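Number of protein chains: 2
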Amino acid sequence: MTIQERINNWVRQNQNNGIQLLKKLIGEESVRGNEQKAQAVIIEKCRELGLTLDIFDIDVNEVKDHEFFSCDRKDFQDQPNVVAIWKGSGGGKSIILNSHIDVVPEGDRSNWTNPPFSPEIINGKCYGRGTTDMKGGTVSLLLAIEALKHLQIRLKGDVIFQSVIEEESGGTGTLATVLRGYKADGALIPEPTNLKLFPKQQGSMWFRIKVKGKSAHGGTRYEGVSAIEKAYKVIESLEELEKTRNDRISDPLYNGIPIPVPINIGKIYGGEWPSSVPDLVSVEGRIGVAPSEQGDKVKKELREKIDALGEDDSWFKKNPPELEWFGGHWQSSDLPEGHELLLALTSSYQDMLHTQPIIQASPWGTDGGILWKAGHIPVVIFGPGTTEVAHDSDEYIELENMFQCAEVYAQMLVKWCGISTEH
Amino acid sequence: MTIQERINNWVRQNQNNGIQLLKKLIGEESVRGNEQKAQAVIIEKCRELGLTLDIFDIDVNEVKDHEFFSCDRKDFQDQPNVVAIWKGSGGGKSIILNSHIDVVPEGDRSNWTNPPFSPEIINGKCYGRGTTDMKGGTVSLLLAIEALKHLQIRLKGDVIFQSVIEEESGGTGTLATVLRGYKADGALIPEPTNLKLFPKQQGSMWFRIKVKGKSAHGGTRYEGVSAIEKAYKVIESLEELEKTRNDRISDPLYNGIPIPVPINIGKIYGGEWPSSVPDLVSVEGRIGVAPSEQGDKVKKELREKIDALGEDDSWFKKNPPELEWFGGHWQSSDLPEGHELLLALTSSYQDMLHTQPIIQASPWGTDGGILWKAGHIPVVIFGPGTTEVAHDSDEYIELENMFQCAEVYAQMLVKWCGISTEH
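Top to bottom, those sequences are chains A and B.
Note that UniProt numbering has the first sequence beginning at 1, numbered continuously upward.
Note that UniProt numbering has the second sequence beginning at 1, numbered continuously upward.
So here's chain A without its partners, still in its complex pose:
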């Protein structure tokens, strides 16, 4: 039997290991600030696999001055990062397998058919918050390591598995691994690409815009200026900016993507009293940054668009909306064309799945931006799960895709790190 066949057989015979691990991980509600229990599941699994563990709380003083630090969380205590190392015998290329444990909030629970943190398997899909983004990918990585361990394959290069916190809020977890000294010849991140390969990824930044109004009694609302109405003007102007920005994009890796670098308004809040005209509304959103763009220029472009509102609106002229950049700022990444990391993954994909992979630029940022820009580590994003259901209610993962990825990852480790003949 070839190694590919042995990997394939082992994964197929041990699917239940993966399913049980996934269910355990989904059951732990690892929203921001509550990552500990899901990390405990990871730690238990890594111990079982005989990996060398480095479990550490992020010290805010060690990350806060880094140029890519962008985070409004000040305390990471007891919510550790986990790094688990499978030391190679030497002489091979090393790889970082980076996966985040944090999940976004579940949204309105009434939109979920089943409770978001009680995983259910229906017709080959496992449902729950974090199945696609990205605990399914984490399971694929760990299954790949488990397969090689059980098949008694010894690698030459080091495998550095990282289960990090804070990806959804700006990447401080991964930044901390870089600053702790973790490096490798390449990195793979199993974010939900729906089995596409993403050698380039979009960056993104969070903004908050505060829009002023003039309060008045609702019974004479014509004496006030509604900050809700004014916020809508701001949102319309952001829609125009999104169009302008996307019309400029010509990278063929974005072919067929409706809006390559979207501006998303994710949150709105303002006003305090039904009978008062609201005098302050805040909107929070995310702007996508193309791999070729500089974050500072994008910030300037958005500021100018908002300032332009004052040109034909005297209220905005006197009361320009406040713009803040806060929380997450994901760096883009840009693997050079023809890089050996992409070639190795492409051929591993072909070996195991017997088709050509689709290669695109990602519609979102990942921690790959931090690995690339802060760690200078070549990165490729490839994983099970689909963006359509990430961050949505009734998020799910196709279990078959999770197993396919496990097989490709195992083969990738064999190809990239090399097999040792020592025992």
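No wet-lab data here; the hints were simulated from the structure.
There may be inaccurate statements among the hints.
Anything over 12 Å on all C-beta distances counts as not near chain A; from chain B, calculated [stated by the list, open to error]:
#1 W10
#2 R32
#3 E48
#4 F68
#5 G124
#6 R154
#7 L195
#8 G328
#9 G418
Capping the alpha-carbon separation at 27 Å, the derived lysine-lysine pairs in DSSO-like fashion look like this [what the hints assert, rightly or not]:
#10 B/K196 / A/K214
#11 B/K196 / A/K233
#12 A/K318 / B/K214
#13 A/K243 / B/K183
#14 A/K214 / B/K318
#15 A/K23 / B/K233
#16 B/K23 / A/K233
#17 B/K305 / A/K210
#18 B/K125 / A/K243
#19 B/K305 / A/K125
#20 B/K214 / A/K214
Computed from the model, here is a short list of chain A residues facing chain B with C-beta under 7 Å [stated by the list, open to error]:
#21 S275
#22 R286
#23 T387
Predicted, not measured: the structure shown is a model, and the values here were computed from it.
For each residue, glycine too, the CB sits at the ideal point set by N, CA and C.
With chain A fixed as given, assemble chain B onto it according to the hints.
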């Protein structure tokens, strides 16, 4: 000296009493649930005036089944209503002087030039939350009583001064006074009419509309449906409804008022994460009800308008916005034309201010609706302060207007209740 002259003299010589009382009342931040300390100021003043006090906590069980009860507050303990009675010698008409002690929240503090609960007097205006709505009017009422007491005028009819809680949230404070048995031949409420007389008043109701979207990752926002975008469609449709409703109004008391019965959107909130497409946005607002309208028909009209969104929007068809009526529901009031209460107030106004008052319908509801519909007490609204600044930042009252009203109220008590010759 005529009584009018004696009243005028006393008020002019004792303006400082009124200013000190106003400052004390503004200094107590009597937002909902925190009315106690401002009521203590009222109680102290009423004791000083020798009025008979009835200080009582509202028992929710005694009000909750009344048809005009509309309140989401379940506990009124230690935040009392205050009723202070100046018993007449008999044979005159009685009057309720009703004023509310609660104030709306101060909004964004950065919009205030001075802190909202630290009153400042600048150029004859006293600034602070509640100056206009309606602690200034409360001071006018108490000054009027103080003037008559000091002038040793004895009235025939009873004067029932009421300092109630909960006006801003639906009138439960005043409803409790009615259910406790307080009645009178007429009632006067010193809400900020800018010295106009309002024999009719608009009712109003609060609504909450929940608008659904479909969540998705912000990087592929085109795979979701933004509840923020959909909420704006709802708001636009409410603007249309406002227009339709106001085009129907022909009451001459509304002449010159830009929007007689406005629909105000006071609050918006939704979305949880800048990088997610929001799947739920709520808007809260107030709809004005004309004196001639039935609340139930207004509710139906709003429901139908929202349902109509589904006619040409398949998202709304599948996901009709939820509509709730909550919190405040202010009743309208409608004093019959030529009523003696309005005639007495009009002539008192002429006696003291030597001009004709402007008579209109009010742009908002007051507790007068409860007195009228639940207590069957004829009501007129007339007070210092202006709607423009009520509920706004830098709310203020012209002190001169506060004293003018005190004079008119004193004269009104003399005319309405009659003077006793007993001592």
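Evaluated hints:
1. W10: holds (33 Å)
2. R32: Given that some Cβ of chain A is not farther than 12 Å from that of B/R32, nearest at about 10 Å, it is violated.
3. E48: About 32 Å separates B/E48 from the closest Cβ of chain A, which puts it past 12 Å; holds.
4. F68: holds (17 Å)
5. G124: holds (21 Å)
6. R154: holds (39 Å)
7. L195: Given that every Cβ of chain A is farther than 12 Å from that of B/L195, nearest at about 16 Å, it holds.
8. G328: violated (7 Å)
9. G418: Label holds. Min Cβ-Cβ 35 Å, cutoff 12 Å.
10. B/K196 / A/K214: Holds - the C-alpha atoms of A/K214 and B/K196 are around 24 Å apart, at most 27 Å.
11. B/K196 / A/K233: Violated, because 36 Å separates the two Cα atoms, which is more than 27 Å.
12. A/K318 / B/K214: Not OK: A/K318 and B/K214 at ~36 Å, beyond 27 Å, violated.
13. A/K243 / B/K183: violated (65 Å)
14. A/K214 / B/K318: With a Cα-Cα distance of about 36 Å, the restraint between A/K214 and B/K318 is violated, given a limit of 27 Å.
15. A/K23 / B/K233: The given pair, whose Cα atoms are some 40 Å apart, is violated under the 27 Å limit.
16. B/K23 / A/K233: Not satisfied, since the Cα-Cα distance of roughly 40 Å exceeds 27 Å.
17. B/K305 / A/K210: The given pair, whose Cα atoms are some 31 Å apart, is violated under the 27 Å limit.
18. B/K125 / A/K243: The hint is violated at about 50 Å.
19. B/K305 / A/K125: violated (40 Å)
20. B/K214 / A/K214: violated (32 Å)
21. S275: holds (4 Å)
22. R286: holds (4 Å)
23. T387: Interface hint status for A/T387: holds (5 Å vs cutoff 7 Å).
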